[in-house]
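Colleague: The residues making up each chain are set out below.
There are 2 protein chains.
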Amino acid sequence: MIKIVLLGGGNVAHHLATKFISTEGIELVQIYNRTLSNILKFSDNVAITNNLKELKEADLYIISISDNEISTLSSKLNIPNKLIVHTSGSMNLSELNSISRKGVFYPLQSFSKDTKIDFSEVPFCLETENDEDFKLLQKITNKMGSSSYKIDSEQREKLHVAAVFVNNFVNHLYTLGNEICDENNIPFDILKPLINETSNKLADLHPCKAQTGPAKRGDTKTIENHLKILSKNKQEIYTLLTKSIANSYGKKL
Amino acid sequence: MIKIVLLGGGNVAHHLATKFISTEGIELVQIYNRTLSNILKFSDNVAITNNLKELKEADLYIISISDNEISTLSSKLNIPNKLIVHTSGSMNLSELNSISRKGVFYPLQSFSKDTKIDFSEVPFCLETENDEDFKLLQKITNKMGSSSYKIDSEQREKLHVAAVFVNNFVNHLYTLGNEICDENNIPFDILKPLINETSNKLADLHPCKAQTGPAKRGDTKTIENHLKILSKNKQEIYTLLTKSIANSYGKKL
Chain A
1 MIKIVLLGGG
11 NVAHHLATKF
21 ISTEGIELVQ
31 IYNRTLSNIL
41 KFSDNVAITN
51 NLKELKEADL
61 YIISISDNEI
71 STLSSKLNIP
81 NKLIVHTSGS
91 MNLSELNSIS
101 RKGVFYPLQS
111 FSKDTKIDFS
121 EVPFCLETEN
131 DEDFKLLQKI
141 TNKMGSSSYK
151 IDSEQREKLH
161 VAAVFVNNFV
171 NHLYTLGNEI
181 CDENNIPFDI
191 LKPLINETSN
201 KLADLHPCKA
211 QTGPAKRGDT
221 KTIENHLKIL
231 SKNKQEIYTL
241 LTKSIANSYG
251 KKL
Chain B
1 MIKIVLLGGG
11 NVAHHLATKF
21 ISTEGIELVQ
31 IYNRTLSNIL
41 KFSDNVAITN
51 NLKELKEADL
61 YIISISDNEI
71 STLSSKLNIP
81 NKLIVHTSGS
91 MNLSELNSIS
101 RKGVFYPLQS
111 FSKDTKIDFS
121 EVPFCLETEN
131 DEDFKLLQKI
141 TNKMGSSSYK
151 IDSEQREKLH
161 VAAVFVNNFV
171 NHLYTLGNEI
181 CDENNIPFDI
191 LKPLINETSN
201 KLADLHPCKA
211 QTGPAKRGDT
221 KTIENHLKIL
231 SKNKQEIYTL
241 LTKSIANSYG
251 KKL
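Those sequence lines, one after another, are chains A and B. If you read the first sequence in the working numbering, its first letter stands for residue 1, the second for the next number, and so on. If you read the second sequence in the working numbering, its first letter stands for residue 1, the second for the next number, and so on.
Copies of the same chain are indistinguishable here, so a pair counts whether it falls within one copy or spans any two.
In silico DSS-like pairs for lysine-lysine, Cα to Cα no more than 30 angstroms straight-line:
1) K243 - K113
2) K150 - K228
3) K192 - K143
4) K116 - K209
No lab work stands behind these hints: they were computed from the structure. Just so we're clear, the structure is a prediction, and the values are computed from it rather than from any experiment.
Could you build all of it, start to finish, from the sequences and the hints given here?
Modeller: Okay, structure coming up:
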């Protein structure tokens with residue numbers, strides 16, 4: 001049985017706690033949060049506390065709080081010879097300001113508040129200072145049914161930028177597509193099968209091979225027509241992305 | 001029984017022919033193509049020809065060929081009082097240069113060559129000159145298990161631009177994310193669950209409400225750190241999309 005203490009009461013902490021409670025081989029022995037009310041809902045299943053001096057014994061202490069509070073909270077923990085990890089995608093391992101062994105346990109997924117999370121669709125980026133700790137974290141993700149990857153802090157920073165491109169920026173393009181539809185009384189639903197197909201294709205095809213469209217073809221006539229009907233902001237984005245695609249495929253526009 | 005003659009031997013024509021042959025209530029009576037070899041595979045099930053003078057009687061003639069050949073081919077057809085449609089997303093209804101009744105039968109989906117198409121995931125954009133012809137096209141899409149939308153030529157042009165944003169440009173962002181991963185020895189697979197979640201969310205959530213990330217939060221420190229590690233082309237794209245997101249949510253960067 002792997003014993004875990006969870007520190008945090010936010011979105012990710014909530015989903016982790018729910019998962020740990022229902023996972024065989026894992027015992028969530030305690031949840032700490034500054035504000036008890038945020039974790040009260042777990043009090044039937046788990047000991048809860050808002051006092052760092054009352055932390056229980058465990059194999060692993062997971063800090064799942066705002067990025068800019070990790071350093072302060074970890075410095076207050078006095079649990080030598082224990083493994084402490086944070087769950088942040090953008091903070092270095094060394095952000096843990098502690099005499100304990102350190103690690104990172106970062107779930108790379110977008111967590112919505114009220115949606116149940118399928119942890120088989122949550123890859124974890126793991127980092128530790130030694131092999132034994134790595135194996136412990138890996139064992140935990142296995143029990144949760146999640147995949148895991150060895151990703152050091154430097155790689156994680158790059159991965160975070162890549163995630164901005166494929167998640168935040170992609171969602172913004174959906175928003176712009178939606179705006180074009182709204183402005184022309186076209187139901188956005190009509191584009192959803194295409195959107196799904198675009199992401200589903202990645203299962204079998206490198207995105208570089210899946211590229212289609214006027215920029216890839218170097219179809220300047222269509223590009224000119226499209227630019228004419230776009231507002232200024234969308235024109236700029238259209239022009240830059242078209243240029244980038246054309247460059248990737250050696251087309252001159 | 002609705003009788004259809006299909007003109008074309010390319011990708012879309014191939015998928016339509018395959019679907020028509022297996023759809024109850026539809027009879028594909030003939031396929032025409034300039035080059036017979038491209039449609040030979042259908043000859044067991046359907047009459048084929050490369051001679052426009054031998055076109056059979058049908059309720060609907062579907063021209064599914066390259067955009068810039070639609071005008072020429074349609075002008076050669078001498079079938080008055082018949083309905084002729086094209087399947088192009090970017091061509092006007094009036095591109096059909098014909099004495100016949102005209103329409104558009106545009107499947108809005110990305111068709112890969114060797115992949116079987118699930119037509120329940122293919123919305124059709126329909127346009128005709130009169131109601132009766134519209135009902136015929138709608139009846140056909142119903143039989144195929146596809147959804148259909150009334151979209152006129154002007155709307156279709158806008159829709160095509162929106163599709164460039166949510167398909168071509170999105171796929172390019174996947175490519176850039178993949179490049180960042182490759183450059184840092186990170187398996188791109190780690191991002192695929194996030195990519196799927198980003199598109200799946202649209203089923204329940206307006207993309208505008210689903211936006212997350214540093215640009216949305218106005219998190220200038222993270223944005224600066226990200227820009228430092230990007231190459232010039234990715235920096236430009238990152239800057240422009242970040243600005244566009246920030247503007248959408250009233251953040252100053």
